[in-house]
Amino acid sequence: MVGIIKNMLAQDANGDEQDVLTGTAASTSNQQAQQQSPGYDPEKIALEDSDTVEGRVKGIIASNSPIMTLAKTGAAQRANSRGLLNTSMALGEAEKAVIETATPIAAQDAQNSLAVKTANQNAQNQANSQKLTGDQNLQQIQAQGDVNSKLNQENYTYEMNLQQLRGDQARQLSELETRANQISQASNSVGLISSQVNAAIGEILANTELTTETKQQLIDLQMQQYRNQLAVIGGMNDLNLTGLLDFSNLGGSGAPVTSGSGNGGPVTGGPNSSANTYQDYVSALLTQGGGQPSESLITASLDEAIRRGEDANSVFSTLSKLYPTVPYDQFVQEVTARGYQVQGGKITKTGATSQPNTQNPPATNSGNSGQGQNSGQNSTTEFLNFTGTTLNGGATEDNIVKVLNKARSLGVAPRTVYDSMSPYFPGISYEQFLNEVAARGYYDLVGGEF
69 MVGIIKNMLA
79 QDANGDEQDV
89 LTGTAASTSN
99 QQAQQQSPGY
109 DPEKIALEDS
119 DTVEGRVKGI
129 IASNSPIMTL
139 AKTGAAQRAN
149 SRGLLNTSMA
159 LGEAEKAVIE
169 TATPIAAQDA
179 QNSLAVKTAN
189 QNAQNQANSQ
199 KLTGDQNLQQ
209 IQAQGDVNSK
219 LNQENYTYEM
229 NLQQLRGDQA
239 RQLSELETRA
249 NQISQASNSV
259 GLISSQVNAA
269 IGEILANTEL
279 TTETKQQLID
289 LQMQQYRNQL
299 AVIGGMNDLN
309 LTGLLDFSNL
319 GGSGAPVTSG
329 SGNGGPVTGG
339 PNSSANTYQD
349 YVSALLTQGG
359 GQPSESLITA
369 SLDEAIRRGE
379 DANSVFSTLS
389 KLYPTVPYDQ
399 FVQEVTARGY
409 QVQGGKITKT
419 GATSQPNTQN
429 PPATNSGNSG
439 QGQNSGQNST
449 TEFLNFTGTT
459 LNGGATEDNI
469 VKVLNKARSL
479 GVAPRTVYDS
489 MSPYFPGISY
499 EQFLNEVAAR
509 GYYDLVGGEF
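69 is the number of the first residue of the sequence shown in my numbering; add one for each residue after it.
The hints are simulated quantities; they were obtained by calculation from the structure and are not laboratory data. Among these hints, one or two may not hold up.
The calculated lysine-lysine pairs, modelled on DSS-like cross-linking and capped at a C-alpha distance of 30 Å, are [stated by the list, open to error]: (1) K185 - K218; (2) K417 - K389; (3) K218 - K199; (4) K185 - K199.
Starting from the given sequences, assemble the full structure and let the hints guide the process.
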């Protein structure tokens, strides 16, 4: 009997416990699902004997509490009323009464204990979840802050680099603009000086009183001064301008005049009268003139055409590259206006044949005429050398007086003196030169000599 009651009690206890544990299992399943979330460690319930109905019943029965004593007494009284006192049935009734009394109490206690633990577990898990959410939010805020800080730093670096780049570009543009202005000013200065030198060389070539050698010396002097002025301009502007005057590949140096009668005949030389072709010669003249055609270039080109016996059509074809809008008829008129003519398809001097003038100057009755010419030529050469040496030391008033005294002592013509000194005084005209000399008492404007 007692065994049957124990089995029933155990089944009841197991059933109650199963009901409680079924709810716990569902809760545990949710907890395990939450546990799978990264960074989340849920709280777990560990069941003890006091948390089960069986454990609670054992505790209540073993405690010999007044309730259990009262249950046993009541069972004994009922057995005694039936005449079963001190029998095995009476003992069974007593144990059953104790168990039946203890089981509801134990079930309620176990349920309350489990409910408390479950509530504590839920509260802890909620706290852990909130903490995890807070930590994750904080990490996100910190990560976003780091990203924003990095972006701000990169943006600052970009802006600084952009400003520096703009500054560098502005500075480079300013330097380029300054350099362009510098080169433009140098170009203007070179153009002015080139025009003055071309004009001076043109006057020398047109001077019929000078011998070919004297013309050559004066032109060399002009070119030397031209080089010196270009060197000064180039040095001030960091430019190599003297290299523009390298005629080594053209033959000769400076602007040599290699032929001419010396007494008004055509001057047929130039920077390279030994050039292979007439076209090469004209190109050399153009280079010498700084790339700009001039009156002296036309005259020298016509004289060279006469010397070479060039056809008029060839001369027109060559010069038309410099003057592309001039037709052939106008070309002939321009040639005629300069004292030349087109005769038999050749360029000639007016009143001369188509052959170049190769005759010597007319002889004089004086037996010493050749000696006189040589003497005058030597005096001119001596004066030119003296002028170059003296004025290269500085175009001072003392040096000017020395040159004028030398010209007077050697009997050099005023025009020759002007041609030799003008390179040192760019821009001064012949009339201004005569007035300056007269103001110093060295020139008689009426007599026309020193």
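Verification of the hints:
{"no.": "1", "hint": "K185 - K218", "verdict": "violated (48 Å)"}
{"no.": "2", "hint": "K417 - K389", "verdict": "holds (23 Å)"}
{"no.": "3", "hint": "K218 - K199", "verdict": "holds (28 Å)"}
{"no.": "4", "hint": "K185 - K199", "verdict": "holds (21 Å)"}
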